[in-house]
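Colleague: Residue-level listing of the chains:
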Amino acid sequence: MSQFAEVPLWVALIIAFFLVLGSGLTLLGAIGLVRFESFYQRVHAPTLGTTWGAGGILIASMIFFSVVRTRPVLHEILITVFVTVTTPVTLMLLARAAFYRDRTESKGDFPPDPARKT
Amino acid sequence: MSAIVLILALALSQFLLVLAMGCAVYRLVRGPRAQDRVLGLDALYVAGMLLLLTLGIRSGFTIYFEMALAIALLGFVSTAALAKFLMRGEVIE
Chain R
41 MSQFAEVPLW
51 VALIIAFFLV
61 LGSGLTLLGA
71 IGLVRFESFY
81 QRVHAPTLGT
91 TWGAGGILIA
101 SMIFFSVVRT
111 RPVLHEILIT
121 VFVTVTTPVT
131 LMLLARAAFY
141 RDRTESKGDF
151 PPDPARKT
Chain S
11 MSAIVLILAL
21 ALSQFLLVLA
31 MGCAVYRLVR
41 GPRAQDRVLG
51 LDALYVAGML
61 LLLTLGIRSG
71 FTIYFEMALA
81 IALLGFVSTA
91 ALAKFLMRGE
101 VIE
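For the protein sequence lines, the chains are R and S, in the order given. Under the numbering used here, the first residue of the first sequence is numbered 41, with each subsequent residue one higher. Under the numbering used here, the first residue of the second sequence is numbered 11, with each subsequent residue one higher.
Next comes chain R alone, as it looks inside the complex (with noise of 0.2 Å):
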């Protein structure tokens, strides 16, 4: 805990900030995830985390360990890229095995098919 108190007082309101509205976003996605009714209701809630939610944490550590050592670290602009650019790939692959799902099943109440023309 030492080297918390080299961090001055305005920067550790700053990361303070960004720690807070990054899991609380979090939280927001996850209680979504519990209290929405369909399942494509629901797969857009745990996006809340990946984007602003992993950003905000990620921002508040790039924020630390840049003061705390004096120099730019931004490695953690890594895992932001990956996971914004994952998210909408595994969901979407996601929705459309639960749409296939549905629909082979015809049960629940699914949305009509995207691809079709009427």
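These aren't lab readings, by the way, just hints derived from the structure by calculation. Do not rely on the hints blindly, as some may be mistaken.
Covered stretches of chain S (chain R as the covering partner; in silico rule of three or more C-beta atoms under 8 Å from a C-beta of chain R) [stated by the list, open to error]:
(1) 34 to 40
(2) 54 to 63
(3) 74 to 81
(4) 86 to 98
Positions of the beta carbon are idealized from the N, C-alpha and C atoms, including for glycine.
Starting from the known structure of chain R, fit chain S onto it as the hints suggest.
Modeller: Positioned in the frame of chain R, the structure of chain S alone reads:
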């Protein structure tokens, strides 16, 4: 003063992230169908990764960053593989 601010913010943020992991575990256990469970697992992976990053800030070691990167990679691969399994019934055809 700044140490108190940082310690309080880290404790609050770890508490919120553990609550988020609890919500994801609830969906993982209760989820009515398989895709809900996969979605809960994905949210659990993300919240666990963020919890490791806050641990890294708390302890000052950057080794936690590498663990978080490994968890992000594994989370992507496992969710994509499970989605493929739900869609086709097998992962590698």
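Colleague: Tell me, which hint numbers fail for this structure?
Modeller: Structure breaks no hint.
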